[in-house]
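If you want the building blocks of each chain, they are given just below.
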Amino acid sequence: MKSKVVPAVLAIALVAGLFYSEAAAQAKSEASAHPLMGVLTGELHYAMANLVAEDGTRPYFMSYTVYEEHTALLAATLGAITRDTRDDQRSLNIDLRVGDYTLDNTHQLRGGGASHASGSGSIPLALDGNVDSIRNALWYHTDRVFKSAVKRLTQIKTDLTIKVEEEDQSDDFSREESHVHYEESLDTVFDRANWADRLRKISAIARDYPLIYSSQITVGTFAGTRYMVSSEGTRLQTASRRYRITITATTKAEDGMDLDQSFDFNAATADSLPNDTEITAAFQSVIDQVLALREAPLAEPYIGPAILSNRASAVFFHEIFGHRMEGHRQKDVTEGQTFGKKINKQILPKFLDVYDDPTMKKYGDCDLRGYYLFDDEGVRAVRVPLVESGILKTFLMSRRPIEHAPKSNGHGRRSSGNAVVARQGNLVVESADQVTFAELRKLLIEECQRQDKPYGLYFEDISGGFTRTSRRGPQSFKVNPIVVYRVFADGRPDELIRGADIVGTPLTSFEKIMHTADDPAVFNGSCGAESGWLPVSAISPSILVSTIEIEKRTRGQSRPPFLEPPLAKKQ
Amino acid sequence: MSFAYMTRLLVLAALVSAAAHAGPVATEPPADVLLEAMVDEMDRSMSRLSFEDLPRPYFMQYVAEDRWTHSISAALGGLLDSGDNRTRVLTTRVRVGSYELDNTNAPPAYGLRVPLPLDDDYVAIRHAIWRMTDADYKRAVETLTRKIAYLKSTNIEDRPDDFTPADPVSYFDSPAHLDFDSKEWEETVKKLSATFKKHPHIQDSVVRMLAGTSTNYLVNSEGTRILVSDTGVYLEIGAATQAPEGMHLSDSLRYIGERLDQLPSADKIMADIDEMCAKLDQLAKTPKLEQYTGPVLFEPIAAGMVFEALFAHAVCARPIPLGSGGGWGDMSLEKKLGLRVLPRSFHVYDDPGPEEYEGTVLVGAYKYDDEGIPATRVSIAEKGILKNLVAGRAPTKKITKTTGHGRTAGYGDAQATTGCLYISDTLAMSPDELRQELIQAARDEGLEYGLRIAAMQPGGYGDLGPPIYAYRVFVEDGREELVRGLEFLPVETRALKRILAAGSERKAYNSLAGVPHSIICPAILMEELDLKKNVEEFDKLPILKSPALRD
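Going line by line, the protein sequences match chains A and B.
Each residue of the first sequence is one higher than the last, beginning at 11 in my numbering.
Each residue of the second sequence is one higher than the last, beginning at 45 in my numbering.
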């Protein structure tokens, strides 16, 4: 593969105010650099040297990121394969900035037009490495992205003149060290035929359960390599692999409430995936749980003490706390900025520390989905101490600075096609006040007695939820617990209930954490936000809160099926 | 625009509905697990689906589409994408009430759709059908209740019945098969896309290929059992460039066939690409026109697009959906039945039967429509007088019998749609005579030139698409000059009455917009149309030299 590289230092010297580490990039480059890197670099240099608008505007920063993604997915229901897909693609994202580090085309617009710059979108690129094809796409779209950047900067300058002064005067782009790092490119490792047989066999268990109205076992694999070059000298080629098995089963209660339960396995290598016995057991357990829910009494509105299990608590922290730690939300004028002015103030109980550390590959034996070494702006990920002894220290940062945090801490993330924002990686909640889970239960009962409540709640599993951080509408959240028990103060056995939704406002929820257990566990999930769907992890011990509020879930009004399911084989 | 973003959905619909192939046909149902599961669950649902005093279904239809497609795309010799996809989708439609009044022709005007297991597993397939039938039945009961309440409070004059009974049909194709060597075709598509390397002025290009097979199952409670197999091949090549002042110009080539050997040779396609690029290059250098009012001559494919925009939709008998305020009725020619709508020498009929027209595969051909009715030939206009409309099983005020034209693009209920519309003129002229007619018409208007449209983009209901290649034909000496920058102002269907002349040579235009259909049409000369300047602002030309021009 050929590539044309213009003299790098010369080209870059035309752009003011850059510290440039191309020399370092070349010194460190290794044999494992994919030929694509050379093509990207050559076109980047050419564009940086030659892109100039009629008014003299030039880009001060550019990067090309290519996401090469190989995915395969198999799903089975009742012994039959229902989905069987494979997808291979390479997509290009162009990040191009005009103006300078203090003010550029990504600045928020406060009136008229899209408030945030949308990025280049996801541009298909030749999978086979054909140089002519790739170079033409780079050229064609770079030109398009540059023109829209120039147009947007003009709008921003007008906007700044006619609107009131901005509260947060921080820069638009932080200066960061550039990195050179190469990992081998990855392709899918997936024994499709073998998995198809396994899924058929395991999914057929549901044939014995007429009350399970739908069920599915899905196995998905992802193998990705990200190629990134920037005008600051970044040369990154990073790879990631992950597998996920998802099990779901649904039914409907006699009163029309739809009930579902799910479970998933996550692994970073094929070797660490569960065997058939483990998957079967998990499926059986999901079926048993959803059928138990069908018989469970309805939740009543309740305010009182509760325990969130470790995994439930991890979801709770990710949704309600983690999203409010994302730095750009403190600057965005449409955001509620819950914690914007709380730096160095107490926001959690003294015994809690919270940090986000994408560089953790595993927690115990468990592979973490939120693992990465460099973020989508090429910044090295670091462990970020968000809260120390209950005191808010900083935020999760991309290269978009805010008042208290002028630098990135390697949390600028996106999926292909979106503009980068600050996101979570591996969020970890640690506690200095640990008791055993059995003791935590005792403390729950004591708290019930103190508050004169007949029972407390135990949230064993939470499927997910949403949180509203916008300034429009109330700052609130809702999470959907699936498995909730009443824990009685008088010692009766626990009682499973259904249809409870946790509601509340974020600031007050955190003040009510009383104790934690010594049982941290991992929740591996996919998180959707403005920069796309990303793999994340959250780790937390079980927590006891003095008050939690639940409301009755709105339920479907349609009846269970009129005819019995046709589960008999045709004679 | 970037062709690489072009959706492939549009094409998928076309493939599946492409002409029914002629294979061995059986009248006894084959041993087919999917068919058995559909029939068994329908039988059980029709006999037992009821609850307390809720109305029972009086009619049910299941359609299952089993498709396999492989898509390949490439640009400038590089492979962008290659992969196959297998889907099985079930659409249910449960009707409660009676033929006179049921839950259809009122929102929601669609059945429920659900993916089915891909394995031939009787239990798993039947289970999925059971769930959807239950949901569709409940929805049908709710809709009927709402509809009855609406009718009690609203006065609708001469409301037609909702549905007509039909005789059962049995038809079973043998399974479709397509020998497709994906590696070989990847190389071909790459090679075709590399042709653009010879044309550095083309800024963006893509070659996209789709090949696939489909088996459609249709089962209804009247006893109809249909299994239609089909194969399809589609190749699309798009190119875009800019004129010197920045105007975006694009063109595309499309090849449609049922079998791979119906595609032209790679050499022929590469020659077509060269020709397209040369024409685009020429177009970029031509003058822009500001405005034109006068006679317009449309070459056959462009004329097919004119009839698509102004005529094809208007000759479909579609009931006016409840609560719609009758908006659709304004478009329909139903009220003009028996009146003249075209020149006196024009004849129009629709016949979905023939699968080709002079070597061109017709995407609008089919044997049975999406309501299980055999397609029939319908005489629409004779001597310019509107005689009949194409119809499905939902009656309108004047049309109460289906002609086998109830079709759907996959979502939404079947509705009357043309299949293959044949347009002819008994006074047809040679191409040369037609040109002379254009010149004469321009001269009569005192114009310096007339306009000839050699190619244009497809339009929408009542809107003609923008011309791609328009020529002004000078009255003075008959010379032609390519022009650009014009688009049509809205035109009404009655403009077709003032077609001045038509050609003897006809060509088949295949449309993939919505339900695939074909229009076999001669060149037409229209008396007077208005065109205006299409854009006022242009993107600037690229700042950077393209890689091809750089080295």
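Treat the hints as calculated values from the structure; they're not laboratory data.
You may find that some hints are simply not true.
If we take Cβ atoms under 10 Å as the criterion, some of the chain B residues that face chain A in the derived model are [as the list claims (entries may be wrong)]:
1) 168
2) 174
3) 248
4) 383
Distance condition first, Cα-Cα at most 16 Å in a straight line; then the derived EDC-like pairs of lysine to aspartate or glutamate [stated by the list, open to error]:
5) B/242 - A/142
6) A/161 - B/426
7) B/551 - B/426
8) B/380 - B/316
9) A/211 - B/76
10) B/584 - A/64
11) B/235 - A/142
12) B/589 - A/177
13) A/161 - A/310
14) B/584 - A/65
15) A/157 - B/163
16) B/227 - A/574
17) A/562 - A/186
18) A/161 - B/581
19) A/579 - B/84
20) B/589 - A/142
21) A/579 - B/164
22) A/211 - B/186
23) B/235 - A/65
24) A/167 - A/153
25) A/579 - B/581
26) A/157 - B/402
27) A/579 - B/402
Idealized CB from N, CA, C, for every residue including glycine.
A quick look at each hint next to the structure:
1. 168: With a minimum Cβ separation of about 4 Å from chain A (threshold 10 Å), the hint on residue 168 of chain B holds.
2. 174: 5 Å, holds
3. 248: 5 Å, holds
4. 383: Because about 49 Å separates residue 383 of chain B from the closest Cβ in chain A, which is outside the 10 Å limit, the hint is violated.
5. B/242 - A/142: 12 Å, holds
6. A/161 - B/426: Cα-Cα ~57 Å, so violated.
7. B/551 - B/426: Distance of about 20 Å is beyond 16 Å: violated.
8. B/380 - B/316: Since the Cα atoms of residue 380 of chain B and residue 316 of chain B sit roughly 43 Å apart, the hinted pair is violated (cutoff 16 Å).
9. A/211 - B/76: 23 Å, violated
10. B/584 - A/64: The hint holds at about 10 Å.
11. B/235 - A/142: The given pair, whose Cα atoms are some 13 Å apart, holds under the 16 Å limit.
12. B/589 - A/177: 42 Å, violated
13. A/161 - A/310: Violated, at roughly 56 Å.
14. B/584 - A/65: Holds - the C-alpha atoms of residue 65 of chain A and residue 584 of chain B are around 13 Å apart, at most 16 Å.
15. A/157 - B/163: 51 Å, violated
16. B/227 - A/574: 48 Å, violated
17. A/562 - A/186: Not OK: residue 562 of chain A and residue 186 of chain A at ~49 Å, beyond 16 Å, violated.
18. A/161 - B/581: Given that 16 Å is the threshold and the Cα spacing comes to 14 Å, the pair holds.
19. A/579 - B/84: 12 Å, holds
20. B/589 - A/142: Judged against 16 Å, a Cα distance of about 14 Å means the pair holds.
21. A/579 - B/164: OK: residue 579 of chain A and residue 164 of chain B at ~13 Å, within 16 Å.
22. A/211 - B/186: Status violated; Cα separation ~39 Å.
23. B/235 - A/65: 41 Å, violated
24. A/167 - A/153: Violated, because 22 Å separates the two Cα atoms, which is more than 16 Å.
25. A/579 - B/581: 66 Å, violated
26. A/157 - B/402: 48 Å, violated
27. A/579 - B/402: 50 Å, violated
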